[in-house]
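Asker: Letter by letter, the chains look like this.
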Amino acid sequence: MPPRSPGQQAMSARWMILPAVVMTLAMVIFPLGFAIYLSLGGNGTLPALGLGHYSRLMADPAFWSALRVTLVLFAVALVLQLVLGTALALALNRYNVVRGLVRTAILSPFMLPPVVVGMIAIVVLDPGLGAANWILESLGLPHFLWLASPRWSLLVVALIDTWQWTPFVALIVLGGLQALPARVYEAAEIDGAKGWSLFWHVTLPLLGPTLLTAAVLRSVDLLRFFDIIYITTQGGPGNATTTLNIQAYKLGFDFMDVGYASSVMIVLALIVLGSVVFFASLRKKVSW
Amino acid sequence: MRQFIIGAAVALVAMPAAAQEFDWRKHDGETINVMLNNLAWTQLMRDRIEAFTEATGIKVRAETFSEEQYRTRLTTLLQGGSSELDVFMTLPSREAPLFASNGWYADLTPLLKSEATDPAYNYDDFSAALRQSGVVGEAVTSVPINVEGPLFYWRRDIFEKCDVEKPEYLEDLPAAAEKIRACDSAITPWAARGLRGTVGYPLGAFVYNMGGDFMDEDGKASLCLPGTIKGLDLYGSMLRDYGPPGATNHTFTQVMDLLGQGRVAMTNESSNEFSTLMKHEGRVEDIGVDVLPGGRESGISKPVVINWSLAVSGLSEKKEAAWYFVQWATGAENQEELATQGIAPSRVSVFNGEGFRNWASESRPRGEWLEALLEISQTGSSLYQTPSLTRTPEAREILSNVVQQIVLGQADAETAACAVTDEVQALQN
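Protein chains in written order, with full-length UniProt numbering: chain A, 1 to 288; chain B, 1 to 429.
With the rest of the complex left out, here is chain A:
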């Protein structure tokens, strides 16, 4: 068979990527495009195409409340997960005794489906019947409302997510730790660095790209937070745990206001995109 010309090879390559292009168009571009179309009033959700849903959004206190809840949940849970995940990874890396089954047990929460985590939270944190208040009572401490407290329920949700996803962050950081160059540590030790100083001035900067990878992965999930809230509080008490995703779900599926729900989802998608771009650009800056 004669060798194929560069032009033929390029044509062949184009055909080979066609299925991937078609799938991307069908699975990503079309739904996104359709959501934008709906948010602009397409499919009869507004009398005419325009920015009506978006101007309603700007004047809707429920939207601003949901945005605030989303961002607070994102910030609190992300910081907690990165800090605790790094600490857990350092412990796993340092103590060889934490291996095998013990390591699997420590890392297992993120393998649980969110529905199961939500159900566990309902059972454990029920203010009347749950184990959490029973433990507080045994310690002579007053009962707590947990997910029923308008003031604290958002933090409790953040803690539930932190319990589930810290091991995931730890796993990523552990991978990063084990890939750090030994020679840097040897040089640092020769220079007298150890303990906290070694961690702060050597380990943490070297872990920067790894931590930012974990931050990107967790921020996408945290900004789209839905399942645990849906199962435990449905966004309540009041609007205390109503994230943008919960609000859009209610608007779209309960109130059947699909156009307006789509505008909320488009705003959320832009926030997620912004967060990913931000962390990705930060990652470039701390790469070594």
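No lab work stands behind these hints: they were computed from the structure. Please note that the accuracy of each hint is not assured.
What the hints assert, rightly or not - Pulled from the structure, derived: some chain A residues nowhere near chain B, Cβ distances all over 12 angstroms:
{"id": "1", "residue": "Leu46"}
{"id": "2", "residue": "Ala48"}
{"id": "3", "residue": "Met58"}
{"id": "4", "residue": "Asp126"}
{"id": "5", "residue": "Leu171"}
{"id": "6", "residue": "Tyr230"}
To be verified - Selected chain B positions facing chain A (Cβ under 7 angstroms, derived; list incomplete):
{"id": "7", "residue": "Thr72"}
{"id": "8", "residue": "Pro245"}
{"id": "9", "residue": "Thr248"}
{"id": "10", "residue": "Pro393"}
{"id": "11", "residue": "Glu394"}
{"id": "12", "residue": "Gln404"}
Cβ atoms here follow ideal geometry from the backbone N, Cα and C, with glycine treated the same way.
Take the given structure of chain A and dock chain B to it, following the hints.
Answerer: Showing chain B alone in chain A's frame:
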């Protein structure tokens, strides 16, 4: 099951002369898709679907979901214009006008008048009020499968032990709760729904019985009315002062669990949950069932009564086969069987029939439950939020938020109720 299949086959063969002409096997070999909400009715009916296939040759692919997931999936399919769904369960008081205006219900009127309906079906046998719930304009959009409403459940033994009279009027609830708390601190005097979107159903009678309504004399939607504020205040303060901790996350599952486990003295919860409640140890002996007490000052007793129904999808391409399933599922024979397992029938003949009455007479709570159902069927209203033709779920959400503010002590009833006047009026079509 085999006995039932043989029984169903025999019953079909042994139908009266007119009914014998009806061809139940006209759609032999077809397959229909049915989507059901996981009610007690559904759990019992699922075991019987095989008999339908035996009798008609129509295969049924039935999917069951819990209520929230059910609504999500149903809405997704209908909004997506899916023709795959043939039969679905619907709550007319919540969604009939909206679903009808979107064309999601098939009009059953021509089917009822056609040869596609078994002459023995007798649509007029359904209670007139329940039939009406499924009529939008001139069109019959669904057929009722049950009758239900919130009922007052109370623990006779606790009331007796604490020397408390069963509240004669709604205004007596706080005093009864106070006495129970003083007598037995291990018992929570009261429980009720507090979760967003779920409060309207048990709250409705509190509003009506305290002299309130969901619209003013001019027909404008409002919660800022003297009687309505009293009803909201009583519901919210009972939950705040005598309810279980964390009640704002409770819906009927938590409320009935607490009552079933013997931790609560009284509640106002769905009649549908009666058979589940009776499965808890000791409850047959100590539970009392009645209609929620009326208002002393208002002299009003106006409970809430609703029904779930079966509808044929307006987008279905197998409407007649789907209608066969609806006819069979809502037929007298099935209702008689289900009635003796605690499903309140929507057919008058079954409700008043010997089988249901005999079943109810087997225990005191069953008898009380039946009498209470009879009363709410005659005096009840299916409206339990500010009236709106198509935005009922939003109205119920607003109502829940008002109650949550009272329960959480964030606002008094008047402030919370009057603050949403513009919001509820904006929902009116």
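Asker: Now, for every hint given, state plainly whether the structure supports it.
Answerer: Status of each hint after checking the structure:
1. Leu46: Non-interface label stands for Leu46 (chain A): nearest chain B Cβ at 16 angstroms, farther than 12 angstroms.
2. Ala48: Correct as stated: the minimum Cβ-Cβ distance to chain B is 20 angstroms, above 12 angstroms.
3. Met58: holds, 18 angstroms
4. Asp126: The claim breaks: Asp126 (chain A) does not keep its Cβ more than 12 angstroms from every Cβ of chain B (closest is about 6 angstroms).
5. Leu171: Consistent with the label, Leu171 (chain A) stays out of reach of chain B, its closest Cβ about 31 angstroms off (over 12 angstroms).
6. Tyr230: Tyr230 (chain A) not clear of chain B: closest Cβ-Cβ about 8 angstroms, inside 12 angstroms.
7. Thr72: Given a least distance of 5 angstroms, the restraint on Thr72 (chain B) holds.
8. Pro245: Cβ of Pro245 (chain B) sits 4 angstroms from chain A, so the hint holds.
9. Thr248: The hint holds - Thr248 (chain B) has a Cβ within 7 angstroms of chain A, the shortest such distance being about 4 angstroms.
10. Pro393: holds, 5 angstroms
11. Glu394: holds, 5 angstroms
12. Gln404: Where the cut-off is 7 angstroms and the nearest Cβ of chain A is about 5 angstroms from Gln404 (chain B), the hint holds.
Of the numbered hints given earlier, the model fails hints 4, 6; all others are met.
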